[in-house]
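Protein chains: 2
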Amino acid sequence: MPDMTPRHHHFPHFARLTLCRLALLLLPLGASAQRPDLMPLPERMTWNGEQHRLDNRFAIAIAGDPDPRLYAEASRFMQRLAERTGIFFKTWNVTPADRPRQPTLQIRAGSKGVVQHGMDESYTLDVRNGQVSLQAATDIGAIRGLETILQLIASDDKGHYLRGCRIDDRPRFPWRGLLVSQPYHFMPMDVVKRTLDAMALVKMNVLHFYISDDQGYTIESKAYPRLHNMASGGPYFTHDQVREIVAYAAQRGIRVVPEVDLPGHCTAILTAYPQLASVRRNYVLQDHWGVFDPTMDPTREEVYRFLDTLLAEVASLFPDEYFHIGGDENTGRDWKRNDSIQRFMQARGLRSTVALQNHFNRRVQAILARSGKKTIGWDEVLMQEIDDSTAKARFEAGDFASLILTDVPKDMVIQSWRGMEALLSSAKNGYRSLLSKGYYIDLMQSTAYHYLNDPIPFRNDVIIPDSEANFNRFESEILRKVKAGEKLLGPAEEALILGGEATMWTEHVTPETFDARVWPRTAAIAERLWSPADIRDVADMYRRLDIASIHLEAVGSTHARNPGMMLRRLAATSDITALEELLGYLEPLKGYLRNAADNFTKYAPYTQLIDAAVADPRPLRQFTGAVDSLIAAPTPARATAMRKTLRRWQVLQAEVDRLAAGNPSLAPAKAHATALAGIATYLLAHPGWMQPGKGLSPAERKALGDRLAEARKPRGYCTLGVAESLRRLAD
Amino acid sequence: MPDMTPRHHHFPHFARLTLCRLALLLLPLGASAQRPDLMPLPERMTWNGEQHRLDNRFAIAIAGDPDPRLYAEASRFMQRLAERTGIFFKTWNVTPADRPRQPTLQIRAGSKGVVQHGMDESYTLDVRNGQVSLQAATDIGAIRGLETILQLIASDDKGHYLRGCRIDDRPRFPWRGLLVSQPYHFMPMDVVKRTLDAMALVKMNVLHFYISDDQGYTIESKAYPRLHNMASGGPYFTHDQVREIVAYAAQRGIRVVPEVDLPGHCTAILTAYPQLASVRRNYVLQDHWGVFDPTMDPTREEVYRFLDTLLAEVASLFPDEYFHIGGDENTGRDWKRNDSIQRFMQARGLRSTVALQNHFNRRVQAILARSGKKTIGWDEVLMQEIDDSTAKARFEAGDFASLILTDVPKDMVIQSWRGMEALLSSAKNGYRSLLSKGYYIDLMQSTAYHYLNDPIPFRNDVIIPDSEANFNRFESEILRKVKAGEKLLGPAEEALILGGEATMWTEHVTPETFDARVWPRTAAIAERLWSPADIRDVADMYRRLDIASIHLEAVGSTHARNPGMMLRRLAATSDITALEELLGYLEPLKGYLRNAADNFTKYAPYTQLIDAAVADPRPLRQFTGAVDSLIAAPTPARATAMRKTLRRWQVLQAEVDRLAAGNPSLAPAKAHATALAGIATYLLAHPGWMQPGKGLSPAERKALGDRLAEARKPRGYCTLGVAESLRRLAD
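So the sequence lines, in the order shown, correspond to chains V and B. Residues in the first sequence are numbered consecutively from 1, following the working numbering. Residues in the second sequence are numbered consecutively from 1, following the working numbering.
Isolated chain V, as found in the complex:
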């Protein structure tokens, strides 16, 4: 990357510096050195200016009454401390038998934590007077604190040390999840485990384990073995492996909530057991992506007997109190095709398929209640199916009651994915809810967008409009209210919002690309859900995200290392510097545009240019910042730096061309490099843009605009991200 200043620019359009909070964090001495590198930032923190030196005498003493998991986590902490600092310890094992005479780290965990919703994750950390003291109500809080300590490590020429500080920390929301879907591309054990390690690092606490869809049913069933034998679509997790995942998560204070998507998204189950379907047809596993008609028949007792056995079996594998039944994207078409179902609806006065689905949901909820489970569903399980203009009118009138179905039990938890209005309606009507709208990390949006998306946005002044996603009903209304300073929920209603979940739907994601699609962006969502609402400095978030990225790598995430491998395979050479540089300016197609662009299936190759490209690449952010600085104040130094970048683009084209010669896989890269060089050549030949007060002539603006429009065209499902900021420069 060419050097472009400023390195960590601000986003003047939407970022807000929370100066009052930052002031808390800064002491007079060396403010820049004292900026906390933590992610997520804690609730309260003060530096004390001390340095706690680290050496091989470091020893941990654990007091209180913790669950044994804390000893294992303390041992893992020692290992990571050694790996980070290069210190030789005698052992990493921390056991109840250890009674170090001079412990450097004193941990006190008052009681055994139970990994469940509402668990106490708070902790207090004091690094002062040569002592590190970590106090928590439960061992789970202590585990969160251990992650914080590892992020406090600093170094100078004398060695490594912890920065002296006092931290009082607890999560803002109790539910901070990540959904991982298994049916599209199976994510094997090692991916799941390293994801859990990464989640723990940023203090997330729920793995939403999505196991069944049209493309596969991905865990073993002893009761219905045809499910894994015929309908897994390949690999699946055995009961032992599911238990291994649950135990691995619990060890890190992470819950695992399963989802069996019902009654739609059921092709896999119906492939194994077609007698449960609403329509007789030859069911085969789906290998395309999308929304399909196959649906369970909610009118037959046989279906509920099947679910009674199956859900009890699944429920027994996942000790968590919550169970997700899906409920999304039922087209209702198969129900309309079946006369018997139509008669059932008429007989019971069910006037829509939504009403019928509600009938089904209540039966399923009762089944799960027998296993002691509380039910979660996507927002379709709550919302009335009414046309948008009616819905908007009611929304404007504050009529939240008629927006929802009438007889959904109050203990159903609503996961909002289609729009913020479901979250609002849930809370207004007394339902607990989770936000996922705006946390769809599979849609390739910017970290800043996800970061500023808040489960309770009404207390904040700005959010980024979700211009890229394809579902944003009501958004403009909500934005308008928020901008007008309107507070839409009262305290009791806000308390019903449990938190949120990032969702990694893996249609276009393989074990090779999974980590780079999840991390580091999800760390920003983790902070949104853990840290106080007014922590919203986007520039500082990006600065800390770069640091978190390296920590995430150390616990196994492959997000930074796999793209290089993919480029080497694509280019058939290890000399990929030019491609890496080009990728810094490319963005994968956002939203669902990739789906629309080609006939992608489970058997499509996810090894191409877009798959090595990442959302929100840092070089592109830096370039955008450089352009914005230049627009704001076109100093000669900035103009010179920009010219240097443009000249570099011209050279880059030659380098990419050389790699792409005789390599059809690199044709999109060649096209992007050509477009980039074309822009550079035009701007260098028409330097009005860098002359203050001059600018480009209208004809030049038009000519450049054509080039930028050309550059913005998707090639290899990627677009050149430089066009937007350069258009601002041209204007």
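Hints may be right or wrong, so weigh each one.
No distinction is drawn between identical chains; accordingly, a pair holds when it is met within one copy or between any pair of copies.
Result set (DMTMM-like, lysine to aspartate or glutamate): computed pairs, CA atoms no more than 20 angstroms apart in a straight line [what the hints assert, rightly or not]: (1) K336 <-> E50; (2) K193 <-> E244; (3) K90 <-> D598; (4) K222 <-> D240; (5) K158 <-> D55; (6) K158 <-> D657; (7) K90 <-> D287; (8) K483 <-> E494; (9) K193 <-> D240; (10) K428 <-> E493; (11) K713 <-> E477; (12) K481 <-> D190; (13) K374 <-> E385; (14) K410 <-> D197; (15) K481 <-> D388; (16) K428 <-> E385; (17) K112 <-> E321.
Simulated from the structure, these hints should not be mistaken for laboratory data. What you are looking at is a predicted structure, and each value in this text was computed from that prediction instead of being measured.
Take the given structure of chain V and dock chain B to it, following the hints.
Relative to the frame of chain V, chain B by itself:
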């Protein structure tokens, strides 16, 4: 890396171009484009100049009577083909039901292969007239052929194609193994699986699974659960997981041979069951590396009852006919310390601990025979313990009989690790044997060294002396005989040499570094054991190794991607270009020098500079080549290129210094960069070396020599690899 020509230089000192064989491979049309990229190279191959274009109509038909594993491997082949070429296939699944009307790839596998020693791995491949035909006696041969096809893929601007050819291939040796040790650093399931995938790619067929040592017993035992509960040292494989590994290997035509090291290297077993020990003491798991005294008591029936049960249990998990009982590095000290054992020896006329161990081995062998197993042992199980001068005298006199123990059963297989003479003696006395001496990839030697190390070296003219390893008894004698053209083994004796095994002892290796310590170097050993003996062109091996490296990455090996991650952690920044460049000139300490250099244990951090460094780095090879070219013909262009490199070293120092500021973990990197810049500055200031016929003055040679000696000092357990070639330049 600065550009240094030639890119793939020859090693004139020891390489031999097998011109006759290469001639076979080259047709008149475009010789350079036709050089085969395969690794290992096949037994016989001819190009036919055709191009078989690849598109989405590619379809596989399987005929014959193969094991079902061939369908799974053909499906995996389709997936890899899609991933390599970016072609969208309708499906990757190949099933017996498939009857494509126009199959592009016709596979015929005559019979179901059994994954066992001596399995038929031969195949014939014909890419001609728009058809790909793969014929094999068994599905295992067909699986080997599928790997070859994936290495034949080429591309031009029109797309991807297979190069037309005819290949008749079979392995030179039936036993081509890789030892993976579990007790030092546990290598979890994902490491084992991706290792098996990589082994299959280069046609290796034995995973030597080393499960027990002083530091841990690493698989579950249902009969003796204290073994995994108390003596695993942490994680271990359950029975189900062992079966998963064996099945995964068998799927790829790879055998798994377990080793339980007896009667020494037994601290772990004795920690769980101290009553089996030769000496009463408080046994605790060893966490240091080395050779230790704890040994089973070979005089007590209780020990054999224990082994009878344990080995039967282990044997039942590993279906392979062979079982390794270790037998190495028994110090004999604990036997000498025990009066009862001494009396036992006297009573039976056992005059040495070696004789007593032979008594023990024969008992264990009989136990394993009851499970249907053949026994393997390290060379100690065969060789007499006599002093070196006596041994050498007998060796010179051709008295091989007295070099070995008298009553070792003939069906014991000998694995030679201490020196080539064990292999010779085994064969001369009718024992079958495996070579590992010279394939110790944990010792950080060059790929060329391993490549030219041949299980039957006598037919070849040159080998590289093993100057780095610490055990090379007899080597000079053997070298002398080989150089004199002496052929030491007859055909029947040669037939007793089954092959060899690369050994990855993981004392200094973690799951993070494992792949980079194994690959790509082991691919060269795989070729040595598969390809004809006269395939020995080192330059071409290195050219193909670069290609194989990218293929190995694609099946999961992390060897090329993990070092970058490690450097980012070490430097606490993603801006590591300078460190990567410096690492290109560094070599990790070779042989056992690292062991000697510090107090390494299981709890040492293996995350430092040396752990990111790799043996035999390509930039260093390129630099050495550039120096050799300059010495051979000091043209102005070469001198200019060298000056450019030297100036780059001066800049590199500044860049490394910037990264190392305030970072004690980078102190060794800073010292190396300083030494490198010091050499550069001296050579640039004293340019006599680049003036033909002039050279450095004696005083300058001395001054440079001092700098080179300084540069050669280990720092952070690495040495600057440029010193040796620069000394040649100075002289």
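Verification of the supplied hints:
In this assembly of identical chains, K336 and E50 lie within 20 angstroms of each other by CA distance neither inside one copy nor across copies; the values are 71 angstroms within and 57 angstroms between. Proximity of K193 to E244 under the C-alpha cut-off of 20 angstroms is found in both arrangements, the shortest distances being 9 angstroms within a copy and 18 angstroms between copies. With identical chains, the CA atoms of K90 and D598 are at most 20 angstroms apart between copies only, with a shortest distance of 13 angstroms across copies and 57 angstroms within one. For the homomeric pair K222 and D240, the shortest alpha-carbon distances inside one copy (12 angstroms) and between copies (17 angstroms) are both at most 20 angstroms.
In this homomeric assembly, K158 and D55 come within 20 angstroms of each other (Cα to Cα) only inside a single copy, at 11 angstroms, whereas the closest approach across copies is 60 angstroms. Only between protomers do K158 and D657 lie at most 20 angstroms apart by alpha-carbon distance; the minimum there is 15 angstroms, versus 47 angstroms within a single protomer. For the homomeric pair K90 and D287, the shortest alpha-carbon distance between copies (9 angstroms) is at most 20 angstroms, but the shortest distance inside one copy (53 angstroms) is not. In this homomeric assembly, K483 and E494 come within 20 angstroms of each other (Cα to Cα) only inside a single copy, at 18 angstroms, whereas the closest approach across copies is 86 angstroms.
For the identical chains of this complex, K193 and D240 are neighbours both inside a copy (15 angstroms) and across copies (19 angstroms), given an alpha-carbon limit of 20 angstroms. For a Cα distance limit of 20 angstroms, the shortest separation of K428 from E493 inside one copy, 6 angstroms, qualifies, whereas the shortest one across copies, 87 angstroms, does not. For the homomeric pair K713 and E477, neither the shortest alpha-carbon distance inside one copy (31 angstroms) nor that between copies (70 angstroms) is at most 20 angstroms. In this assembly of identical chains, K481 and D190 lie within 20 angstroms of each other by CA distance neither inside one copy nor across copies; the values are 45 angstroms within and 51 angstroms between.
Within a single copy, K374 and E385 get their C-alpha atoms no closer than 24 angstroms, and across copies no closer than 72 angstroms, so neither meets the 20 angstroms cut-off. In the homo-oligomer, the alpha carbons of K410 and D197 never lie at most 20 angstroms apart, since the shortest distance is 34 angstroms inside one protomer and 52 angstroms across protomers. Taking the shortest Cα distances, K481 and D388 sit within 20 angstroms of each other inside one copy (18 angstroms), while across copies they are farther apart (91 angstroms). For the homomeric pair K428 and E385, the shortest alpha-carbon distance inside one copy (18 angstroms) is at most 20 angstroms, but the shortest distance between copies (87 angstroms) is not.
In this assembly of identical chains, the alpha carbons of K112 and E321 lie at most 20 angstroms apart only when taken from the same copy (18 angstroms versus 50 angstroms across copies).
Of the numbered hints stated above, those contradicted by the structure are hints 1, 11, 12, 13, 14, listed in ascending order.
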